[in-house]
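S.K.: The primary structure of each chain is shown beneath.
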Amino acid sequence: MRIRFLLFALYRDLAGAEEFELALPDGATAGDAVSALRARGGGSERLPPRPVVAINRHYASLDDRLADNDELALLPPVAGG
Amino acid sequence: MRIRFLLFALYRDLAGAEEFELALPDGATAGDAVSALRARGGGSERLPPRPVVAINRHYASLDDRLADNDELALLPPVAGG
Amino acid sequence: MTPAVITRDPIDTAALLDAAGDAANGAVTLFVGVVRDHNDDRPVTGMRYDAYEAMASDVLHEIVAEARTAMGEGTVLAVHRIGELAIGDVSVAIAAGAPHRAPTFDAARYVIEQIKLRLPVWKEEHYTDGAARWLPGQVPPMVQS
Amino acid sequence: MTPAVITRDPIDTAALLDAAGDAANGAVTLFVGVVRDHNDDRPVTGMRYDAYEAMASDVLHEIVAEARTAMGEGTVLAVHRIGELAIGDVSVAIAAGAPHRAPTFDAARYVIEQIKLRLPVWKEEHYTDGAARWLPGQVPPMVQS
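Residue numbers (this note's numbering), protein chains in the order written: chain A, 1 to 81; chain B, 1 to 81; chain C, 1 to 145; chain D, 1 to 145.
Hints were generated in silico from the structure; no laboratory data involved. One or more of the hints may lead you astray.
Only some residues are given here: those of chain A computed to face chain D with a beta carbon under 8 Å [unchecked claim]:
1. Ala-9
2. Tyr-59
3. Leu-75
4. Pro-76
5. Val-78
6. Gly-81
Just so you know, even glycine gets a beta-carbon here, dropped at the ideal spot from N, CA and C.
Can you make the complete structure from the sequences, with help from the hints?
M.R.: Put into structure tokens, the structure is as follows:
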């Protein structure tokens, strides 16, 4: 399945891009996807191993399973206001 | 001594005037002054016997003594905002 | 800007907000009281605010100074309008600006609560049937006898 | 007026105040966040706000709806600006209007606290020496793992 990664703020700067697309085996969790992204290198290895994530715009757990075409966002600690 | 009375809002409506001046014996308290004003009649008797008062723009007690030319205000419960 | 004002003129809330939110103050809380169109389900046409003006100015300055002291740093401003007000008119506005948000909420809240308790101001509500009445108020706590 | 907005345009605080203070709402609390000229004594020239825009819009709507429900009756509005902001620019504004004052303070306070906890927005501070850094933030409590 294809997963679309979104990176913001510090995480975008670390990984050097705001968007990635990766193919992952069916049944992969959000945590598996983060590991796959970090293993890709090119700066992505500097991302934290257990970031806050959102799946399709909702806060999610790293244990949540992904589905094809899901949008997985890696969110640094938030600092609005 | 001469005391200047100021009345506001409901108290002004009850007494029918916003200002009075009365002569009071030396040593009179704010409470004595209120009694003297109420005894004057003409509507003033409808004022409460123990209103909140201010002497020269400061909240005061009915036991406080007055001095010549003091300004004694009778203040209904306040309702600003 | 004078920190505490009793006025017969319309209140400029934007000017208050600007004055409290200078470059050092990252947070501003503005509280605004507006004349409502009803009270206890009775339709209201307007409100007359009466005040012991000289004393009210002194008391409002005191209240604002107390809030400013409690806040530590920042700006506190308060304006209370008196006279004849129409529905929707701003009767009171309080702005508190400080580097951080929590003290600004506390300061604005303190000022409005103390205004309700201590400021020598009274309001007469006018109703659509032509009647009017002075609204019941609070006895200032420092002078309960 | 849309109750929750993420925008790149300047925030019109006067419009928010007007919208929250209609004739039924006698009390309005407006909270405004402003870009400060310093942080931890370091002089700041400006701030860049980044956001996960689509999600931020959803989360801000949720926060505002929660505050509105808690208030019982009245109006709650929130606008968060993103993009490049200069010193003194309003980054966030929240207006809560209701018949009585206490719930308006509580609602405005709730919205800003939840924004700080949950809204997917980040800010990069720019300093007078040309440096910049992403400010440390908070981990949203619903997803601590």
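S.K.: Hint by hint, say whether it matches the structure.
M.R.: Evaluation of the provided hints:
Interface restraint check for Ala-9(A): the shortest CB-CB distance to chain D comes to about 3 Å, inside 8 Å, so the restraint holds. Satisfaction of the interface hint for Tyr-59(A) is found here, the shortest Cβ-Cβ separation to chain D being roughly 5 Å, below the 8 Å cut-off. A least Cβ separation of about 5 Å between Leu-75(A) and chain D falls short of the 8 Å threshold, and the interface hint therefore holds. Here the hint on Pro-76(A) is kept, as its CB sits about 6 Å from the closest CB of chain D, short of 8 Å.
Taking 8 Å as the C-beta cut-off, the interface hint given for Val-78(A) holds, the closest approach to chain D being about 5 Å. For Gly-81(A), the shortest C-beta to C-beta distance to chain D is roughly 5 Å, which falls under 8 Å, so the interface hint holds.
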